[in-house]
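Engineer: Listed below, chain by chain, are the residues.
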Amino acid sequence: MKIDACGLSCPEPVIQTLNAINRGAQQVSVVVDNSTAMENVKRLAASKGYTTTVAPQGELFVLELSKM
Amino acid sequence: MAIQPVSRFLASRRGIILIGAVIGILAPLLQKFGNPANMGICVACFERDIAGALGLHRAAVVQYIRPEIPGFILGSLAAALFFKDFRARTGSAPLVRFVLGFCAMIGALVFLGCPWRTLLRLAGGDLNAILGLIGLTIGIAIGDQFLKHGYTLGRSRPTYTSSGLIMPFFAMGLLLLLFFAPQFSANGPIFFSEKGPGSMHAPIALSLAVGLIVGIIAQRTRFCTMGSIRDVLLVGDLHLMSGIIALTVAAFATNLILGQVHVGFSAQPVAHSNHLWNLLGMVLAGLAFVLAGGCPGRQLILSGEGDGDAAIFVLGMITGAAFAHNFALAAGPDTMVDGVLKVGGPSIWGMWAVGIGIVICLLIGWAMREKIEEAA
Numbered sequence: 001m002k003i004d005a006c007g008l009s010c011p012e013p014v015i016q017t018l019n020a021i022n023r024g025a026q027q028v029s030v031v032v033d034n035s036t037a038m039e040n041v042k043r044l045a046a047s048k049g050y051t052t053t054v055a056p057q058g059e060l061f062v063l064e065l066s067k068m
Numbered sequence: 001m002a003i004q005p006v007s008r009f010l011a012s013r014r015g016i017i018l019i020g021a022v023i024g025i026l027a028p029l030l031q032k033f034g035n036p037a038n039m040g041i042c043v044a045c046f047e048r049d050i051a052g053a054l055g056l057h058r059a060a061v062v063q064y065i066r067p068e069i070p071g072f073i074l075g076s077l078a079a080a081l082f083f084k085d086f087r088a089r090t091g092s093a094p095l096v097r098f099v100l101g102f103c104a105m106i107g108a109l110v111f112l113g114c115p116w117r118t119l120l121r122l123a124g125g126d127l128n129a130i131l132g133l134i135g136l137t138i139g140i141a142i143g144d145q146f147l148k149h150g151y152t153l154g155r156s157r158p159t160y161t162s163s164g165l166i167m168p169f170f171a172m173g174l175l176l177l178l179f180f181a182p183q184f185s186a187n188g189p190i191f192f193s194e195k196g197p198g199s200m201h202a203p204i205a206l207s208l209a210v211g212l213i214v215g216i217i218a219q220r221t222r223f224c225t226m227g228s229i230r231d232v233l234l235v236g237d238l239h240l241m242s243g244i245i246a247l248t249v250a251a252f253a254t255n256l257i258l259g260q261v262h263v264g265f266s267a268q269p270v271a272h273s274n275h276l277w278n279l280l281g282m283v284l285a286g287l288a289f290v291l292a293g294g295c296p297g298r299q300l301i302l303s304g305e306g307d308g309d310a311a312i313f314v315l316g317m318i319t320g321a322a323f324a325h326n327f328a329l330a331a332g333p334d335t336m337v338d339g340v341l342k343v344g345g346p347s348i349w350g351m352w353a354v355g356i357g358i359v360i361c362l363l364i365g366w367a368m369r370e371k372i373e374e375a376a
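So the protein sequences, as listed, match chains A and B.
The numbering of the first sequence is this note's numbering, which starts it at 1 and goes up by one.
The numbering of the second sequence is this note's numbering, which starts it at 1 and goes up by one.
What the hints contain is simulated information worked out from the structure, not anything from laboratory work.
Hints are not guaranteed to be accurate.
Stated by the list, open to error - In silico BS3-like pairs for lysine-lysine, Cα to Cα no more than 30 angstroms straight-line:
1) B/K32 with B/K195
2) B/K148 with A/K48
3) B/K371 with A/K48
4) B/K84 with A/K2
5) A/K2 with B/K148
6) A/K2 with A/K67
7) A/K48 with A/K2
8) A/K67 with B/K148
Full structure from sequences and hints, please.
Structural biologist: Listed below in structure tokens is the structure:
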């Protein structure tokens, strides 16, 4: 499942990710465009038992969440 | 210099506790050096004072160009540039953000403080702050429901770097007006209060230095009081909450050392003990903060790192402050008349303004929802 959260203000990236997790997604890919959102999504993922890898892509961050 | 480890530390739990403690220690010190009692730092009050100094309102007791405010913006700019985090962006419903900033300021001035000052008031023994915190939590909880149901102001877009520098230039302009204090006409601005809270201030250099330090650390840590309550309610995340607990504890300890703790409800400095309106004022403020995505302090920091939408929120707050005093919406403090306590609070106009503000924010939250996509 892919989420494009670029340009959305806090905490919308987190909420969109949370909605995906609550729907039972095992793999979630989230694109954000600022480090605040990146840290927030990463924290959410950890609290929900997902591992996260972060790949910076120019101005963007691509987060790959997967259920541990 | 190794930027990465510093950056990681500041983004960690310990970083957020650090910024909370820094504000908690520096704000009471600013009081010791001249700022009004339980108002070492208050973003709402200080923006209101700036509006007054510029003559946007004529409440003679609250007019001063508070250097802490430009300090926050410029500190944030410096940190964002140094850590390569400056991103000029704008275009996410600017007019709505202006209205939210306006409403937030009305609520804050009926309570008499932003969330930072709410915590500082609590740490000084002002128990009315508890009503403010309850109101803030209720407002945020209402806003959370809108967020859960798809509320969004839409995406911002990258824009010219020069556009992102407008607020820092605005901040520098304020500092120039403060340093040179020009008199633009015989009875005109710049106004500086001769009595009342506006006349009480720490030395300019100290206020500016504290503003810059807090601005720098707050930019790196993303400290946000509204976010701390929202994250606990919404996702059970205690990260930001640890910062506001650190702020309150550090401020209480510093106040104890400085002899600045006076526990009670009545006749607290620059505060009123009208419980209902302390609560309702902050319900409005909290709701407006959630819908705009940050407390007043956080919005100032964002405006320094290139966020044009946060800048509009700040300008909405300053305009709201001007209206609040011109239209007698802001609450008056408790006063002692011949040894008898006269409880302060908002005028009938202020009560109406809070009610109308809450309705406006509810309409914004209800109307601006995107349909949530069903499972992909």
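Engineer: Take the hints in turn and mark each one as holding or not.
Structural biologist: Okay, the hints, checked on the actual structure:
1. About 18 angstroms separates the Cα atoms of B/K32 and B/K195, which keeps this hinted pair within 30 angstroms; it holds.
2. Distance check on the hinted pair: B/K148 and A/K48 sit about 18 angstroms apart at the alpha-carbon level, within 30 angstroms; holds.
3. Distance check on the hinted pair: B/K371 and A/K48 sit about 25 angstroms apart at the alpha-carbon level, within 30 angstroms; holds.
4. Under the criterion of a C-alpha separation no larger than 30 angstroms, the hint pairing B/K84 with A/K2 is consistent with the structure, at around 27 angstroms.
5. The suggested pairing of A/K2 with B/K148 holds, with an alpha-carbon distance near 19 angstroms, which does not exceed 30 angstroms.
6. Taking the CA atoms of A/K2 and A/K67, the gap is near 15 angstroms; set against the 30 angstroms cutoff, the hint holds.
7. For the suggested pair A/K48 and A/K2, the alpha carbons sit about 17 angstroms apart, so the restraint of at most 30 angstroms is met.
8. Proposed proximity of A/K67 and B/K148 is supported: the alpha carbons are some 23 angstroms apart, at most 30 angstroms.
In this structure, none of the earlier numbered hints is contradicted; all agree with it.
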